[in-house]
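Visitor: Listed in order, the protein sequences are those of chains A and B. For what it's worth, this note's numbering labels the leading residue of the first sequence as 1, then goes sequentially. For what it's worth, this note's numbering labels the leading residue of the second sequence as 1001, then goes sequentially.
Simulated from the structure, these hints should not be mistaken for laboratory data. Among the hints, a few may not be true.
Unchecked claim - Reference excerpt, derived from the structure (chain B facing chain A, CB under 8 Å, subset only):
#1 SER1121
#2 GLU1135
#3 HIS1203
Computed from a predicted structure; not experimentally measured. Here a beta-carbon is modelled for each residue, glycine too, at the ideal position from N, C-alpha and C.
Single-letter residue listing:
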Amino acid sequence: MSLARFLLRRSLQGIFVIWGVVTVVFGLRFIAPGAPENVLLPPDVSEATRQQVAAELGLDQPLYLQYFDYIVGLPVGDMGTSLVTRTPASGRVLSTLPATLELAIAATVVAIVIAIPLGVISATRRHKPADYGATLFSLVGISTPNFWLGIMLVIIFSVQIGWFPSSRRPVGIGIDAILADLVALQLEAAASGLRDWLYYITLPAITLGTYFTALITRLTRNGMLEELGEEYVRAARAKGLPETLVRYKHALRNTLIPIITVLGLQLGTLIGGAVITERVFRWPGLGTLIINSIQARDWPVVQASIIIIGVGFVVLNILVDALYTYINPQVGEN
Amino acid sequence: MADPILDVRNLSTQFFTEEGQVNAVDSVSFTVEEGEVFGIVGESGSGKSVTALSLIDLVESPGDIVDGEIWYRNGELAEAVREDSPDAVDGTAVDLRQLSPSARRSLRGPSFSMIFQDPMSSLNPSLTVGEQIAEAVEVQRRASANPRSTRSRTQGYGLGSLLSGLVFDSREFVRSESRERAVELLDQVGIPDPEERATEYPHQFSGGMLQRAMIAQALAGEPDILIADEPTTALDVTIQAQILDQLAEIQAARGMTIVLITHNLGVIARMCDRVGVMYAGEFVEQGSLEAVFDRPTHPYTQGLLASSPTVDGAEGRLEPIEGNVPSLVDSEMPDRCYFADRCPKAMEECLDKPPELPVEDGHSAKCYLAEQEYDPETALPEGYFDE
Chain A
1 MSLARFLLRR SLQGIFVIWG VVTVVFGLRF IAPGAPENVL LPPDVSEATR
51 QQVAAELGLD QPLYLQYFDY IVGLPVGDMG TSLVTRTPAS GRVLSTLPAT
101 LELAIAATVV AIVIAIPLGV ISATRRHKPA DYGATLFSLV GISTPNFWLG
151 IMLVIIFSVQ IGWFPSSRRP VGIGIDAILA DLVALQLEAA ASGLRDWLYY
201 ITLPAITLGT YFTALITRLT RNGMLEELGE EYVRAARAKG LPETLVRYKH
251 ALRNTLIPII TVLGLQLGTL IGGAVITERV FRWPGLGTLI INSIQARDWP
301 VVQASIIIIG VGFVVLNILV DALYTYINPQ VGEN
Chain B
1001 MADPILDVRN LSTQFFTEEG QVNAVDSVSF TVEEGEVFGI VGESGSGKSV
1051 TALSLIDLVE SPGDIVDGEI WYRNGELAEA VREDSPDAVD GTAVDLRQLS
1101 PSARRSLRGP SFSMIFQDPM SSLNPSLTVG EQIAEAVEVQ RRASANPRST
1151 RSRTQGYGLG SLLSGLVFDS REFVRSESRE RAVELLDQVG IPDPEERATE
1201 YPHQFSGGML QRAMIAQALA GEPDILIADE PTTALDVTIQ AQILDQLAEI
1251 QAARGMTIVL ITHNLGVIAR MCDRVGVMYA GEFVEQGSLE AVFDRPTHPY
1301 TQGLLASSPT VDGAEGRLEP IEGNVPSLVD SEMPDRCYFA DRCPKAMEEC
1351 LDKPPELPVE DGHSAKCYLA EQEYDPETAL PEGYFDE
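Assemble the whole structure, with the sequences as input and the hints as a guide.
Guide: Put into structure tokens, the structure is as follows:
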């Protein structure tokens, strides 16, 4: 099957998934307590004003019409207006998305850079101190809750030692700013921007990435052990291939095929799951926005956030599957 | 007769498992002449595959070669080794057991290579067949650029280039000459459209074609000795004959020595010059094909022959050997002939472990029947070993 057909089919499936997400998210508003118009109005307002505001927001329409309006607006990016700021909800979500993506990608990079070498070392030194150390690390990493780890890191590295900030990241620090400096050839500004960026992102990235790192370490170790026991490894040794090639060209390659899938899917989880970490570090991302919006009953922004996370998840899924067929020749054929 | 190319003396390989020490290969001695096909036959679990892996030093943990000598005749190697470790050299022969692991590894390819039972799982599913054969060629090419050094095999190709190769494309290690050679090798083992097929992945090959590719890969280093471990067992019967013919053809053309391991007496009869019969980790009988097949001395060999359908399709029922192969766990091994409990001709003598006894010139058996007639007087009563 050609890649184009594959992508088309998966995209069609994806649209149905997103439709489901939209419907559930739309319904959530009616389960949650508190009418949206109350957010905007002081408690002692007259019933007439209340109804007038509700009409302005379209809340007096029958449910199916509200639903229909909402759905029709989505393809053109209209996700309603924030009740708090009176600006488009999609705009508010998209403006916080880069910070969350930065965090998720940084956490993934931390995981890849640490976990894969650690897993390989662990597997090739099985039952030696390095292996026990790595196994202990993954056990601890998998069982440590995010919020606790984040708070501990802040206490130790920000409050006690003072290596990293405990304050909210100021506006103007981010990958986009660094890239802009680079494009403008302002290398010094870019370098200092990068320094600031690392200063603020290190602790949140470690917090968010620890569980993930531990998980990938385990997967790599077990996958590697399994592959090293395969007959093709023995055959590769039998033809005189040096151990480095046997391990890293033959065994690691097959180990990484399933891990790439996990990496891709986990990136989606990280975007949605950064809420707690963002809260701990007051990271100016999507998670913070969602929590603030829920507290303010700003339903359009909550809905828009969840839908955008859903879309991101579906797109990542499709990309991971496409990548999988590319790197695993056996799947590509069928 | 010239000196043998391989002279194995008292080779013992053990596995250290949770159930205890397992004597997979128990003090085995045999010789292999240059240019012959030496067969090792036995039931599953008799230690024949472990013997093969011991020769090529691929016994994996928890297994280990614990004792014995493997004398391999190779003048060039003897010269190279003599200086550093004179004890390991005797004339033109070298005791492989005394070489370092890296030196032994460097013999894989130019001296020894091996083909395995299941070609489907013996090739990496995510690399093309051509790439894998080319690797074998490339390793030898790099090694011969500097024969004394084992490091040169990866010259200029360290971990860094490997890891980048994972992300981009890992073909750097193999140069295009090796790739061309791989296509030639595929052609030599009778694979049509070798150029096309070299770019395909193992799952696109049939079992027979894959085993041919494995043979091509094993030939890449122009080995002196090819070890074939059940090369046809996983294949269809019709394909089996083709693969055996292919091996015979290559052996004749290159004067290569083959150590052929199989449980199939038909394969042995078709291919081998000499044969050793393994039981419970020991060689119970060895000699020329004709001697062992026509004048089997050890009752186990006799039983094995009687339990196999003959090639000429003679009438008569097949006679299975009663009982099972012993477990090979050291603590459970009796201090007698290991076959005595299944042997229809067990005698009182058999409670002492028989040594290897000559039957005739070049034919020996680990059985007292090699030098005496079966004596019903001293026969052990039926059920003697049943607790």
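Visitor: Going by Cβ atoms only, is GLU1135 of chain B closer than 8 Å to chain A?
Guide: Nearest chain A Cβ about 6 Å off; hint holds.
Visitor: Given SER1121 of chain B as an interface hint, is its Cβ closer than 8 Å to any Cβ of chain A?
Guide: Interface hint status for SER1121 of chain B: holds (4 Å vs cutoff 8 Å).
Visitor: Given HIS1203 of chain B was flagged as interface, is its beta-carbon under 8 Å from a beta-carbon of chain A?
Guide: Since the shortest Cβ distance to chain A is 5 Å, the answer is holds.
No hint from the list above goes unmet by this structure.
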